[in-house]
Amino acid sequence: MIDYVKGYVAHIEADCVIIDVRDIGYQIFTPNPYGFARSDEMVTVYCHHHVREDAVQLFGFQTREEQALFRKLLDVSGIGPRVAVGILAGGRPEAVIAAIHREDLSFLIRLPGIGKKTAQRMILDLKDKLQLSAAAVELQWEAEAAGGVAVPSAGTEQWSEAREALAALGYTAAELDRAWAGLGGAQLPGETVDALMKRALQQLFKG
Numbered sequence: 001m002i003d004y005v006k007g008y009v010a011h012i013e014a015d016c017v018i019i020d021v022r023d024i025g026y027q028i029f030t031p032n033p034y035g036f037a038r039s040d041e042m043v044t045v046y047c048h049h050h051v052r053e054d055a056v057q058l059f060g061f062q063t064r065e066e067q068a069l070f071r072k073l074l075d076v077s078g079i080g081p082r083v084a085v086g087i088l089a090g091g092r093p094e095a096v097i098a099a100i101h102r103e104d105l106s107f108l109i110r111l112p113g114i115g116k117k118t119a120q121r122m123i124l125d126l127k128d129k130l131q132l133s134a135a136a137v138e139l140q141w142e143a144e145a146a147g148g149v150a151v152p153s154a155g156t157e158q159w160s161e162a163r164e165a166l167a168a169l170g171y172t173a174a175e176l177d178r179a180w181a182g183l184g185g186a187q188l189p190g191e192t193v194d195a196l197m198k199r200a201l202q203q204l205f206k207g
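Going left to right, the sequence shown walks through residues 1 to 207 as UniProt numbering numbers them.
None of these hints come from the bench; they were simulated from the model.
All residues carry an ideal CB built from backbone N, CA and C; glycine is no exception.
Be careful, since some hints might not be right.
Restricting the straight-line Cα-Cα distance to at most 16 Å, the calculated cross-link-like pairs of lysine to aspartate or glutamate (EDC-like) are [to be verified]:
{"#": "1", "residue 1": "K117", "residue 2": "E103"}
{"#": "2", "residue 1": "K129", "residue 2": "E157"}
{"#": "3", "residue 1": "K6", "residue 2": "E41"}
{"#": "4", "residue 1": "K116", "residue 2": "E103"}
{"#": "5", "residue 1": "K72", "residue 2": "E41"}
The following label-pair restraints were derived from C-beta to C-beta distances [what the hints assert, rightly or not]:
{"#": "6", "residue 1": "K129", "residue 2": "H49", "range": "34 to 40 Å"}
{"#": "7", "residue 1": "P189", "residue 2": "H49", "range": "27 to 33 Å"}
{"#": "8", "residue 1": "R121", "residue 2": "R22", "range": "21 to 27 Å"}
{"#": "9", "residue 1": "G184", "residue 2": "I2", "range": "38 to 44 Å"}
{"#": "10", "residue 1": "A173", "residue 2": "S77", "range": "32 to 38 Å"}
{"#": "11", "residue 1": "G115", "residue 2": "P189", "range": "28 to 34 Å"}
{"#": "12", "residue 1": "A173", "residue 2": "R71", "range": "42 to 48 Å"}
{"#": "13", "residue 1": "T192", "residue 2": "I12", "range": "20 to 26 Å"}
{"#": "14", "residue 1": "H49", "residue 2": "A174", "range": "32 to 38 Å"}
{"#": "15", "residue 1": "T192", "residue 2": "V21", "range": "35 to 41 Å"}
{"#": "16", "residue 1": "A68", "residue 2": "P189", "range": "40 to 46 Å"}
{"#": "17", "residue 1": "A174", "residue 2": "D15", "range": "39 to 45 Å"}
{"#": "18", "residue 1": "Q131", "residue 2": "I12", "range": "41 to 47 Å"}
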């Protein structure tokens, strides 16, 4: 079992990073590839070593919290490693855990690859197994106090929708403002809400 890999970022792709460990490149699939900015500094990637009949794959994360939640998600029927990675790409661990604890189906079905039945299984299987961190408790209190997520409109209509969806996944107004600024305050011609969200997530992952 490979628990973590420490090395240098050699290459970044849309769904993975290549980590150079003593001249050997490890392909690691990760929710936030752009979170591993290329630099001369060594990085640590916390891993899940996934073995099946036709493939051996590494899935990697920036924190132990992401790694732990990923492994818990794999215990839910209908959630494989690719869907689990998508969940972590769509929502921060504390936001996902808080949503499970408050049985927030509307939040969970916004996550990539999650339908209503899978969301219900996530709540049933994980609610008693996941501990609320301080950040998750704060998010839960905010959601309960607001009765939902209020998001100020900014930019285009598509960005307003994308912003609302990203806010529901746990991103703050300040982070979303920075993401919009990183996009130059404009969307591409004919760009859909989903495509705009993906570009905004890339900005968020870059920090």
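Hint check:
no.	hint	verdict
1	K117 - E103	holds, 13 Å
2	K129 - E157	violated, 39 Å
3	K6 - E41	holds, 10 Å
4	K116 - E103	holds, 12 Å
5	K72 - E41	violated, 31 Å
6	K129 - H49: 34 to 40 Å	violated, 21 Å
7	P189 - H49: 27 to 33 Å	violated, 43 Å
8	R121 - R22: 21 to 27 Å	violated, 42 Å
9	G184 - I2: 38 to 44 Å	holds, 40 Å
10	A173 - S77: 32 to 38 Å	holds, 36 Å
11	G115 - P189: 28 to 34 Å	holds, 32 Å
12	A173 - R71: 42 to 48 Å	violated, 31 Å
13	T192 - I12: 20 to 26 Å	holds, 24 Å
14	H49 - A174: 32 to 38 Å	holds, 36 Å
15	T192 - V21: 35 to 41 Å	holds, 39 Å
16	A68 - P189: 40 to 46 Å	holds, 42 Å
17	A174 - D15: 39 to 45 Å	violated, 27 Å
18	Q131 - I12: 41 to 47 Å	violated, 32 Å
The structure fails hints 2, 5, 6, 7, 8, 12, 17 and 18 (numbered hints given earlier, in ascending order).
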